[in-house]
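Undergrad: Sequence:
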Amino acid sequence: MEHKKANPKKELAGSFYHPSYYKESDDLSSGIATSHEQVSDTYTEGEIGAVIDDVNGKDIPIPRKGFE
Numbered sequence: 203m204e205h206k207k208a209n210p211k212k213e214l215a216g217s218f219y220h221p222s223y224y225k226e227s228d229d230l231s232s233g234i235a236t237s238h239e240q241v242s243d244t245y246t247e248g249e250i251g252a253v254i255d256d257v258n259g260k261d262i263p264i265p266r267k268g269f270e
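Throughout, this note's numbering is defined as the position within the sequence shown, counted from one, plus 202.
The set of hints was computed from the structure by calculation and includes no laboratory data. For every residue, glycine included, the Cβ atom is placed at its ideal position computed from N, Cα and C. Where hints are given, some of them may not hold.
To be verified - Label-pair distances were calculated between CB atoms; the ranges are: (1) Ile264 / Ser227: 12 to 22 angstroms; (2) Leu214 / Gly259: 11 to 21 angstroms; (3) Tyr245 / Arg266: 29 to 39 angstroms; (4) Gln240 / Ile264: 11 to 21 angstroms; (5) Pro263 / Leu230: 34 to 44 angstroms; (6) Ser222 / Thr246: 37 to 47 angstroms; (7) Ala215 / Ile262: 40 to 50 angstroms; (8) Ala215 / Val241: 36 to 46 angstroms; (9) Lys260 / Leu230: 33 to 43 angstroms; (10) Asp256 / Phe218: 31 to 41 angstroms; (11) Phe218 / Asp243: 38 to 48 angstroms.
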């Protein structure tokens, strides 16, 4: 079986993040780089509690309210 190298500029399927995508200008590369950054930021935040980070250092909690 012939090994095909994925061409991320033309094919979405099989594309994966690579650090060089931050320097690329095409939509697919920049989209994957942006998604990777968002996931990385969410993962390193480490909590599921919704808060707004205040400039003065005090977190403002976002209450979880259900429908009544």
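Undergrad: Could you run down the list of hints and mark each one as holding or not?
TA: Here's how the hints hold up against the structure:
Under the hint 12 to 22 angstroms, the C-beta atoms of Ile264 and Ser227, about 36 angstroms apart, miss the expected range. Between Leu214 and Gly259, the C-beta spacing of about 41 angstroms breaks the proposed range 11 to 21 angstroms. In this structure the supplied range 29 to 39 angstroms is violated for Tyr245 paired with Arg266, their Cβ-Cβ distance being about 21 angstroms. Here the CB-CB span from Gln240 to Ile264 is close to 18 angstroms, well matched to the stated 11 to 21 angstroms.
Between Pro263 and Leu230 the C-beta distance comes to about 37 angstroms, which sits within the given range of 34 to 44 angstroms. Checking the proposed 37 to 47 angstroms range against Ser222 and Thr246 shows it is violated: the Cβ atoms sit about 22 angstroms from each other. Between Ala215 and Ile262 the Cβ separation comes to about 41 angstroms, which falls inside the hinted range of 40 to 50 angstroms. Taking the beta carbon of each, Ala215 and Val241 are about 19 angstroms apart, not inside 36 to 46 angstroms as hinted.
Taking the beta carbon of each, Lys260 and Leu230 are about 40 angstroms apart, inside 33 to 43 angstroms as hinted. Look at Asp256 against Phe218: about 36 angstroms separates their beta carbons, and that is inside 31 to 41 angstroms. For the pair Phe218 and Asp243, the supplied restraint of 38 to 48 angstroms is violated, since their beta-carbon distance comes to about 19 angstroms.
In this structure, the hints that do not hold are numbers 1, 2, 3, 6, 8 and 11, in rising order.
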